[in-house]
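J.: The lines below spell out each chain.
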Amino acid sequence: MRVMKTNHIFLSLVLAAAVLVQQAQAQLPNQVFKAAGSPVNPKVTVTWNRYYDHAGIGEICKKIANAYPDLAKLQSIGKSYEGRDLWCLTITDFKKGNADRKPGMYIDGNIHSNEIQGAEFALYTAWYLTESFADTKFIQELLADKVFYIVPTINPDARDGFMHKPNTASSPRSGVLPIDNDGDGQVNEDSYDDLDGDGHITMMRRKNPNGRWKIDPKDPRNMIQVGPDEKGDYELLGIEGIDNDGDGRVNEDGYAFEYDPNRDWGWGWQPNYIQNGAYKYPFSLPENRAVMEFVLKHPNIAAAQSFHNAGGMILRGPGGQEDVGTYNAQDIAVYDAIAKKGEELIPGYKYLVVYKDLYSAYGGELDWFYAGRGIYTYSNELWTPYLLYMKDATRDPFDNATYSFDRYLLFQDAFVPWKEYDHPQYGKIEIGGMKKNYGRAHPGFLLESDAHRNMAFSIYHVYHTPKLEVQEISERSLGDGLTEVTAVIVNSRMMPTHSSQDVKNKIERPDRITLTTSAKILSGMQVENRDLNLSTEQLNNPQTIEVANISGLGSVTVKWIVQGTGKYTVSVDSYKGGTASASK
Amino acid sequence: MRHTLTALVVLLLGNWVAAQHYSNYAEQSNRLQTLAKSYPQLATLQSLAKTNGGKDIWLLTIGTGKTDAKPAIAVMGGTEGNHLLGAELALGFAENLLKGSQSDSIRKLLAQTTYYVLPNVSPDAMEQYFAKLRYERTGNATITDEDRDGKTDEDGFDDLDGNGKITWLRVESPVGEYKTHPDDPRVLIKADAAKGEKGKYLLLAEGIDNDKDGKFNEDGEGGIAFNKNLTYNHRVFAAGAGDFPVSEKETRAVLDFLYDAFNVYSIVSFGSNNNLSTPITYNPQAAAQRIVAGYQEPDARANAMVSELYNKITGSKDAPRSMAAGGDVLSWGYYHYGRFSFSTPGWWVPKTKPDTTRKEKAFSVDDPVANYLRWAGQQGITDTYTDWKPVSHPDFPNQTVEVGGVDPFVLTNPPYKMVPALVQKHSEFLVKLAAYQPAIDVVNLKTEKLAGGLTRVSFDLINKGQLSTHSKLGERSYFIKKVAVRVNTTDKQQVVGGRKITLLNALEPADAKSFNWVIKGTGTLVIEAGCPTAGVKRIEVNL
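Protein chains in written order, with the working numbering: chain W, 1 to 584; chain Z, 1 to 543.
Do not take every clue at face value.
Using 30 Å as the maximum straight-line C-alpha spacing, the simulated DSSO-like pairs for lysine-lysine come out as follows [what the hints assert, rightly or not]:
| hint | chain 1 | residue 1 | chain 2 | residue 2 |
| --- | --- | --- | --- | --- |
| 1 | W | K340 | W | K506 |
| 2 | W | K79 | Z | K215 |
| 3 | Z | K215 | W | K520 |
| 4 | W | K297 | Z | K198 |
| 5 | W | K506 | Z | K151 |
Think of the hints as simulated: they come from the structure by calculation, not from any bench. These numbers were taken from a predicted model, which means no experiment stands behind them.
Let the sequences and hints guide you as you build the complete structure.
T.: This is how it looks when you write it as structure tokens:
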């Protein structure tokens, strides 16, 4: 009996293993044919037409790290307010060089909890890079030179809240640290209420002969405002809920908007009476604090992307009008060149400047990354109504295209039909409207292609972080046993080793160019003009010349006067440019 | 009688001994612990944080009963680590208040007001006064790279004359910008090029260019300064400010505590900034900017009123001009915390008249050091100046280099024997400030029976204090609770007319707001009105 049982268990294990193999390799290799540019038979299968909660994202991260130990490492960079891990995948070719000394790109998503697809877009990047490495030479070269730090969600508490609790497409925007929104001394006493219990917070309407709304003749689910000379028959009563605390206001203090995590960063921060959503001081939210500490420990991060939704935008700072002078011409040229390529790669997305094209926003993540740390940073606002019919459309939730797309391409899956409800304060009303997964989040079948395009933009972005090389080491005898050793260091990509904001404020230390030789180094200098023999001597420690910057697609020339001869090794060491060396 | 009683209390407490000199961290901690032990009913001591230097940021809460339910004044010392007086004023205030706590007036005061005393928010830096090498330091123990060259603490001060303190270095040099003061050769002043004057000396703080970068003492021990690290007008990348605001354990802990202390209506800090002897005036343009840069008009008026009180009590005059440099407590307390915020250095060197018996003449050039030396001389203080003495200096091998000049600390910290009197005056100010406290009251309460079990209840809500319940700017912050008027009905009562809950942004001293409700039902109706900064009044009405 006992033996039998053991056998039984053994058999189940074998079966389970077989199932696992089958899951890992969805098809047999001879049954599939490669579509250009996509992994043909990935080790980690991920379905990219749906969304994952925090546990789901953690699972995928772990699978990627387990499947590709030489390309991906998983760590938690901190905990959220409710104690969830902030997962970070480091993606690079760990067999080549020191990961944290390669020019890096930091990518996160979901800082606003309802803006969920940033997490999938970030994760797709990690997945694609690891799964494509084996048969894509470009990716191999990229991961030899560069490193990605990918944190799919920096707001996991309220991500789960968005998915698992009743919400609109726009709630919650913040994390879950409780706030007394209306200043009455009570916290979260009047939230949305899922009156019809369907997991979605939709709209309330009421028949009213004096109302200013009517049913849209083109789609009876839609409400439209009547013209100025027209009589309506409905009024809209706002978002599903009741006045829980009896203060005469509905839904005024819930968890939907506690604060704005993207007004909590340490550049140009302003308090909440100037910048709505600001909390106590920069990095007063634990998730942002963890990101800040990670970034300070990784001065090799030269590029960053923070995914938001929606509107189809490639945004750069400044967030505040007062900060216009911070973004100077040299840096804007780099920003423009990369983002213009982005507009090409991601149809429907426009390159915009926050303060000018949207609104002034202080204490945003992209401003701290750029102005506070000198990192070239974009925020992509994912999803645009352009993608509905591949032509310009509005973001209006009552826009007809939104309804017709749902009708003909989603088969009305995105809509909660209007249904009668007996409301304790409003009496007989109807509840209905668009579900929370529509309007800002991508519909399933459009998710993967837009994730791919945005990833391609990140790859273009990281490709243009500096790449340094010691291009030349030459000697010239000065007589009397003295030799002049000249070295030229080139940067073959668009970004300088220090953005001009970095140079201006000395954010990261200078780049160091070191000569190692058995000859005696008497003097070292940076050469401003080699042809005309213009140079500036560095008085202290001539072996290592410190240069403020190595510009994009540019070079730096240094020289030393040495006594005696020997072999020469010149090495360059830059936080954002990486390291390189050559010998002669 | 009261005197005897107080003396008796002091006697009974036994171990309470007045300090004879500026207290170091250990002595400050001792004095605080003694207070907490001696007055367990009135004083609670807690540590808000430990700094990177391992020192506690102490908070002494003084009050009776539920201290967080009473309007409060926060008192903060040590905002600048070189300002020892500030810590003494805050700590001395706590001692004075508690010593007097048997008196009727203080008992009454503490029944209505809570004091949050933070005696020293820069303990790491202040300890430098007591260290082997004495120099003025404001930065905490966080290791920083002040000159942003990728190396930390590589060029600090050097005690070239070995006297245990950092004074000054003067170097005879044709490119020097300084010359000796015409009326006091001990003092160096800037030569005025506009008058065709030529300098003779370079003037530097005592030290060597240890890292040979051409700059002296630019990156020594000492990290982030509390009074530069807060959020208002923070100077990112400036030495001592931090790469972003509120980067330090102690700044975070203090702000976290204060933001959650909704009952604080005023914060009084001691440091170089001054809006007490000279109030901040109203500037309409600055006040109206999107990023508010000036006091709102009513808040400027409140500042003037409190300033008058301060000057009356302390008799102060000729205060040095101060301009908040950004990241400071005074500005934060108003612009971001939204409270009535005050700051004073507590003491400054008086403008000193020439003493003809000492053959002194009026100065032809005003200079703070010359003024100090004249004052010190008249006071008989002789040990705070070091005569210029030649030293050999590696950075100036063939030049005449001398070390000497005025001592650190003495321009902003008086001799200790003057401290008790200053403590006395500032204690009086802090006690009298509480008399201005906003206080919600309900007057003209009326009930009228209508037919059918209906009662009309009405009253006027007033603020009987001299400060508004909220600063004008504070009204806009969601970290400040509004004035709430709530009708708490039982299941036998119903509000049929009027609002169950009304929120007011603020109630100014002259304001009265009328309320009336029509209530159906019987029994005792409870109405609560107030806010944490002005107290909550609870009234009961029999229907």
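J.: Each hint should be assessed against the structure and marked as holding or not.
T.: These are the hints, each one checked on the structure:
no., hint, in the structure
1, W:K340 to W:K506, "holds (29 Å)"
2, W:K79 to Z:K215, "violated (43 Å)"
3, Z:K215 to W:K520, "holds (27 Å)"
4, W:K297 to Z:K198, "violated (50 Å)"
5, W:K506 to Z:K151, "holds (12 Å)"
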